[in-house]
Amino acid sequence: MTSAAISAPLVLTVSGLYLLTLFAIAAFADRRAAQGRSVIGNAWIYTLSLGVYCTAWTYFGSVGRAAAGGVWFLPIYLGPMLAMLVAWIVLRKMIRIAQSHRITSIADFIASRYGKSPALAALATVIAVVGVVPYIALQLKAVSAGYQILTHGPGPQEEALVWWRDGALMVALALAAFAILFGTRHLDSAERHEGMVAAIAFESVVKLVAFLAAGAFVTWGLFGGMADIWARAKELPGLTDLLRIDRGAGGAGFPYAEWFGMTLLAMFSVLLLPRQFQMMVVECVDERHVKRAAWAFPAYLLAINIFVLPIALGGLVLFSPGAMDPETFVLSLPLSQGATALALFAYLGGLSAATGMLIVETVAISTMVCNDLVMPALLRQPWFGARTGGDLTRLLLNIRRAAIVGVLLLGYLYFQIAGDAYALVSIGLISFAAVAQFAPALLGGIYWRGGTLRGAFAGMAGGFLVWIWTLMLPSVAKSGWISDGFLLHGPFGIGWLAPESLFGLTALDPLSHSLFWSLLVNISLYAGLSLARAPSAREASQALLFVEVFAQDSGQGREQAPIFWRGRARLEDLTGLAARLLGPEQSRRFFEDYARETRAPSVAEIRADARLVDRVERRLAGVVGSASARVLISKAAQESPLGIEDVMEIVGEASEVRAYARALEKAGAELREANERLKSLDQMKDDFMSSVTHELRTPLTSIRALSELMLDAPDMEEPEREEFLGIIVSESERLGRLVNQVLDLAKIESGHAEWRIVEMDLRKLVSDAGRSTAELFHQKNAELILTLPEGPRLLRADPDRLTQVMVNLLSNAAKFMPETGGRAEAVLREEPGWFVVEIKDNGPGVPLADQATIFEKFRQAGDALTRPPGTGLGLPISREIVERFGGSMGLVSQPGQGSCFSFRLPVGREEAARNDSNS
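Under the working numbering, think of the first position of the sequence shown as 121, with each following residue one higher.
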């Protein structure tokens, strides 16, 4: 058996070039994003980015665990596979909540659910930092061990180098530079880190291909296939038990509790590890990508684990017992055969696995440390308050950068302290058990309205303390840094407090033992204290927004929902606060966009009402987290505390909507009598009841709620009364527009519409319609192009009616513009005897199943949860108008490639319109 080694300069050069490749990919993705051409808006990229779950643990630790326990490496991957079965239910809900509230981290998510509590955010951050430090050490240990194997060959390794010559430290510092460059370029953590995501997706491909290459080499290069490996392993007495599934990792009978505990831990970790939350939730561009990830990510996990057991058994067969650390088989097997190029490629795969985790984890942790530990502490300092008049953006970025370096150095320190005492898998499981303490508060918080801040804080704190006592301290003791007497005999000789046999429980392995007690304490405190006292008004309102997020986001969405906030705010205070935290330029654009949206003449004339306060708070939450944003807003605006009556009004909104729907059904007889002359009466009624009711409920609910508030508060201050009246008028106008559309369609279909037939210029009409809708495209950062012939194009028709058709088609195109790179084109051309107008866009297109019914009344294309709001009457009215002038409407669309709506009008034929005008 030939043993080989690779020169250290070559390994360092290849590793450096690989890291430079990551820099180049990240820089390219960031440039494309700046140009409005995102490279991560793809379901496959999203799925590959989730591969950050597969760290150095997967690459080296799984093989080591398989060599010791056979199939006992599987629960770490069965857990995520099972979790993805409910991804569309759980993960999609987490994504929707995060996008609605500009959530920046898992600590921010939990704190925002329970009243935006700074204390809860700080506790979650501490748990995350302490919990992931061992995991960071795992990656550094794997990189260091791999480097030693490559440069010195298989066999006993040299003692650790002094710190200034330690490659693990150099890798940590290099990755800190990467994370700083591509993870802290933007202050708003709710914005996508496109360069980082693209680099992680690339790394997922590299580590998969490299591991498959190493596995194929062992399986078919060193052996005659998997059957040969199995047969030769069975010939060795010591390996026979590894092929049995009915044995535990320690050689005894199958311990179901340990298998269940590890699977449960893995299910929690794929959602709750800070890096997984960052990639799955914060960096998600489109929640529909979850559909593909739900099956493609488990397929990725299956592929990367196919050769784990063959590599483990192959190494045990080829190497004498104890001659080689099984965790290094991926590298030592190729090196022992002289396949140095493959060994170097496999090392790059392991480096990808480690660096991907380190980059994303440190970016996520740095955001939490800045937003939930450092910023709240600074805000409590009197001397800091005196300095907040300036721009704080540079300070916030520097805090995050320092946190990245600090967390990586903490991981390196843990690696030096405890790295030699634990296998890679054991270190990783310690971190898994820590983040599992987030599960009751997070999962309970998105499905149970009764969860309270007291319960969440006590549960997380209690579970975390039990984790420290039963798992963290034993790991330090076994490393020799503290006395291990308390492990055997308990503190002060109190045996029932021994960390690994708490209260006399000795039937479980240390990991399952810690998981059982920590989650028991966590869940008991969370549920018990939550049930003991009702939620406060703020907790109840946040619970409603989280638990009922899909109902809240239906219809007109959160931007049009009533905001239950009372108090006084000054525009200059809000603009000053935004400028300090967003920067002057970002703040200016934010308020200019808001002024256009609310139709204020200028920024100076924006009303500092409840909706503006809510909008500013959510924008700042993307920068400093929801808890710190709540503190800052409460100082800038004089808020009156919410009463429980307000929250009960929100909770009762769903029942009020149902009451309105029943009232409309009882009014069905009157509607049928008023519309008995309409064509297709029965279909019209059914469509009206199913579609219009949905459109009516939001404005009706707002009008009633605000009217009752005004009725109950006769001494309400004038500014607040004017604000409520303005909302009532706005919602009434929405109702009026819907009713007018219904009546307009009825008149046209019954032949009683009024027509104004004149000679008109169709070219000018198209041009004028383009100018009138230009602002809609501007708001979507989209481009509208008019392609018109020279000179007028005259025909006799009703210009107002045709303008209505043009504005409807252009408005529809603007609604369905993509977030970036939107483009529409209005074309007027002439065919023999016809004028043809086409409206082309690069939106999502019309699904094939909907194209046959798109011009029918109350029919809208696409998913009801994701499409823009509308009544489904615009296209039927437009078709009726065009057909009255002897024309026709059409649609050409390929899903994913945009749509082309068109209508054609005959030249010199207006008899149909003249007949209607004379009738």
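What the hints contain is simulated information worked out from the structure, not anything from laboratory work.
Where a beta carbon is used, it is the ideal one built from N, C-alpha and C, also for glycine.
A few of these clues could be false.
Computed spacing ranges between beta-carbons, pair by pair [as the list claims (entries may be wrong)]:
#, residue 1, residue 2, range
1, R949, V329, 46 to 54 Å
2, T940, N518, 25 to 33 Å
3, A720, R157, 26 to 34 Å
Verification of the supplied hints:
1. R949 / V329: 46 to 54 Å: Hint holds: Cβ distance 51 Å, inside 46 to 54 Å.
2. T940 / N518: 25 to 33 Å: Cβ of T940 to Cβ of N518: about 30 Å, so the range 25 to 33 Å holds.
3. A720 / R157: 26 to 34 Å: Roughly 32 Å apart at Cβ, these two residues keep to the hinted range, so it holds.
In summary, the structure agrees with every hint in the numbered list given earlier.
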